[in-house]
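Undergrad: Based on the provided sequences and hints, a complete structural model is requested.
Number of protein chains: 4
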Amino acid sequence: MSPNNLTKVRVIYADTDAMGIVYHTNYIKWFEIGRSEILRDLGIPYAQIERLGYSWPVTELSCRYLSPARYDELVVVETSILEVKRASIKFTYLIWDERQAKVLVEGDSVHACINKEGKIARIPPEVREKINPPR
Amino acid sequence: MSPNNLTKVRVIYADTDAMGIVYHTNYIKWFEIGRSEILRDLGIPYAQIERLGYSWPVTELSCRYLSPARYDELVVVETSILEVKRASIKFTYLIWDERQAKVLVEGDSVHACINKEGKIARIPPEVREKINPPR
Amino acid sequence: MSPNNLTKVRVIYADTDAMGIVYHTNYIKWFEIGRSEILRDLGIPYAQIERLGYSWPVTELSCRYLSPARYDELVVVETSILEVKRASIKFTYLIWDERQAKVLVEGDSVHACINKEGKIARIPPEVREKINPPR
Amino acid sequence: MSPNNLTKVRVIYADTDAMGIVYHTNYIKWFEIGRSEILRDLGIPYAQIERLGYSWPVTELSCRYLSPARYDELVVVETSILEVKRASIKFTYLIWDERQAKVLVEGDSVHACINKEGKIARIPPEVREKINPPR
Numbered sequence: 003m004s005p006n007n008l009t010k011v012r013v014i015y016a017d018t019d020a021m022g023i024v025y026h027t028n029y030i031k032w033f034e035i036g037r038s039e040i041l042r043d044l045g046i047p048y049a050q051i052e053r054l055g056y057s058w059p060v061t062e063l064s065c066r067y068l069s070p071a072r073y074d075e076l077v078v079v080e081t082s083i084l085e086v087k088r089a090s091i092k093f094t095y096l097i098w099d100e101r102q103a104k105v106l107v108e109g110d111s112v113h114a115c116i117n118k119e120g121k122i123a124r125i126p127p128e129v130r131e132k133i134n135p136p137r
Numbered sequence: 003m004s005p006n007n008l009t010k011v012r013v014i015y016a017d018t019d020a021m022g023i024v025y026h027t028n029y030i031k032w033f034e035i036g037r038s039e040i041l042r043d044l045g046i047p048y049a050q051i052e053r054l055g056y057s058w059p060v061t062e063l064s065c066r067y068l069s070p071a072r073y074d075e076l077v078v079v080e081t082s083i084l085e086v087k088r089a090s091i092k093f094t095y096l097i098w099d100e101r102q103a104k105v106l107v108e109g110d111s112v113h114a115c116i117n118k119e120g121k122i123a124r125i126p127p128e129v130r131e132k133i134n135p136p137r
Numbered sequence: 003m004s005p006n007n008l009t010k011v012r013v014i015y016a017d018t019d020a021m022g023i024v025y026h027t028n029y030i031k032w033f034e035i036g037r038s039e040i041l042r043d044l045g046i047p048y049a050q051i052e053r054l055g056y057s058w059p060v061t062e063l064s065c066r067y068l069s070p071a072r073y074d075e076l077v078v079v080e081t082s083i084l085e086v087k088r089a090s091i092k093f094t095y096l097i098w099d100e101r102q103a104k105v106l107v108e109g110d111s112v113h114a115c116i117n118k119e120g121k122i123a124r125i126p127p128e129v130r131e132k133i134n135p136p137r
Numbered sequence: 003m004s005p006n007n008l009t010k011v012r013v014i015y016a017d018t019d020a021m022g023i024v025y026h027t028n029y030i031k032w033f034e035i036g037r038s039e040i041l042r043d044l045g046i047p048y049a050q051i052e053r054l055g056y057s058w059p060v061t062e063l064s065c066r067y068l069s070p071a072r073y074d075e076l077v078v079v080e081t082s083i084l085e086v087k088r089a090s091i092k093f094t095y096l097i098w099d100e101r102q103a104k105v106l107v108e109g110d111s112v113h114a115c116i117n118k119e120g121k122i123a124r125i126p127p128e129v130r131e132k133i134n135p136p137r
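As you go down the protein sequences, you meet chains A, B, C and D in turn. The numbers in the first sequence follow the working numbering, run straight up by one, and end at 137. The numbers in the second sequence follow the working numbering, run straight up by one, and end at 137. The numbers in the third sequence follow the working numbering, run straight up by one, and end at 137. The numbers in the fourth sequence follow the working numbering, run straight up by one, and end at 137.
Rather than coming from a laboratory, the hints here were simulated on the basis of the structure. What you are looking at is a predicted structure, and each value in this text was computed from that prediction instead of being measured. Treat each hint with caution, since some may be false.
Pairs count within a copy or across copies, as identical chains cannot be separated in the list.
[Claimed, not checked] Computed cross-link-like contacts, DSS-like style, restricted to lysine-lysine with a CA-CA straight-line distance of at most 30 Å:
| id | residue 1 | residue 2 |
| --- | --- | --- |
| 1 | K132 | K92 |
| 2 | K104 | K121 |
| 3 | K104 | K118 |
| 4 | K87 | K118 |
| 5 | K118 | K31 |
| 6 | K87 | K10 |
| 7 | K121 | K132 |
| 8 | K104 | K31 |
| 9 | K31 | K92 |
| 10 | K92 | K118 |
| 11 | K132 | K118 |
| 12 | K10 | K104 |
| 13 | K121 | K92 |
| 14 | K31 | K10 |
| 15 | K121 | K31 |
| 16 | K92 | K104 |
| 17 | K132 | K10 |
| 18 | K87 | K132 |
TA: Next comes the structure, spelled out in structure tokens:
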């Protein structure tokens, strides 16, 4: 089973726009929060991946916006790791209302693994093992 | 042929992140600039669509990140209208380096047409005609 | 004694810039988080102030940046209410490192009280009493 | 006389909040645009200051918000250099409506000059001369 993280975020005015709802790119910033927290849960905080000499820039992103979040609402960001390939990793996200009754936004992102020279690199084995522990 | 708009944007520090490149959601804000300018070119600025009683929230978004933009670079946002359906519209975007030699980011967005009651509504004919002029 | 709120915020990449530190306006967004939480503590969430028919736009802001926050650090936003005048309110903020050993940023903001017609209005008494309870 | 730059910015949805006006930190991002453009005018783009080995982080900021900007308005950012000290520089900003009939926001920022070791450093003479040319 895929690892999974739930993190709450409170909507502030900075997140909203003149339509009265959260501006569409701000949900994608919450995806980053979810990604950061699932990696921390797994014992491989992203800051540690960087100390190992790697970065994971976003190469693909997709979102479907189903229902808007509004000022002062609490939302729940649910993050899973969908797939770890040789040199890339795919996360998937659901943003729920506070009671997790309704999905507001769903999305996924693919990240390349890049070494210090900026070249595509294998996901380091110590990271891969934390994500897919050997049985 | 589909209408097309080219708009230049200069990268500022606010757009970048600690990887030294533009943070991935900021390219998507530039998509909004392109969308805004292509509608203005067509004689239907988005503010006017709102005055007619409609809003066009984003319902789907996708991006592919090919090469990063960096601080102080000029980028060119190329925006086209890909498709106008009964109650939705799809834009497509290319973000180029200054000389338009290389695509940095490509993406598209789908927008629902919503009336003041928040219901899905037909794209108003006066808007549709500006996008697809009768021959 | 003035009411006081402490709220933790985790720095994400979205908050940083190409200098490797938090971009200077993002600390000011955290001021908004602190303001929101101190009002909630006092039993007058800002959303309720809006339901009473008022808004509190920022009219003055000042910040001093002493030491930068970096990616993945936890910071503590300490918010106090400095002064409640007839038609305005002043908040003061300290942003601390995680252990509250060092102040990173200090600032304050003044907010006018505006009614639905956009006119300056008295802070409503039910709000004033929650901030300065009668003895 | 102090050098001076005027740059136009078009308000997009990303800049606004659920009050229907520009969120207060976004004017401060436009200050960065003005700062960037006045330095370019003077022949010392900030990217060049960085190549010389310096950075100019913000150490103090203040703003007064007089009148809001709204979606799709063009605003004019007027930037001046107020003072160049030994190791710091102060900019001042006026954000005007499109016709420059009314000031919407006024502010100023102080920046320390920092060398690659992160130490306070003199503003390099080749930069100082461009700002205050010898007569």
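Undergrad: Compare the structure with each hint and give your call.
TA: Status of each hint after checking the structure:
no. : hint        : verdict
1   : K132 / K92  : within (15 Å within a copy, 40 Å between copies)
2   : K104 / K121 : between (40 Å within a copy, 19 Å between copies)
3   : K104 / K118 : between (41 Å within a copy, 23 Å between copies)
4   : K87 / K118  : within (19 Å within a copy, 38 Å between copies)
5   : K118 / K31  : both (24 Å within a copy, 28 Å between copies)
6   : K87 / K10   : within (29 Å within a copy, 35 Å between copies)
7   : K121 / K132 : within (23 Å within a copy, 40 Å between copies)
8   : K104 / K31  : both (20 Å within a copy, 26 Å between copies)
9   : K31 / K92   : both (16 Å within a copy, 23 Å between copies)
10  : K92 / K118  : within (21 Å within a copy, 37 Å between copies)
11  : K132 / K118 : within (22 Å within a copy, 37 Å between copies)
12  : K10 / K104  : both (15 Å within a copy, 27 Å between copies)
13  : K121 / K92  : within (19 Å within a copy, 34 Å between copies)
14  : K31 / K10   : both (13 Å within a copy, 18 Å between copies)
15  : K121 / K31  : both (25 Å within a copy, 28 Å between copies)
16  : K92 / K104  : both (23 Å within a copy, 26 Å between copies)
17  : K132 / K10  : both (24 Å within a copy, 27 Å between copies)
18  : K87 / K132  : within (14 Å within a copy, 46 Å between copies)
The structure fails none of the hints (numbered hints given earlier).
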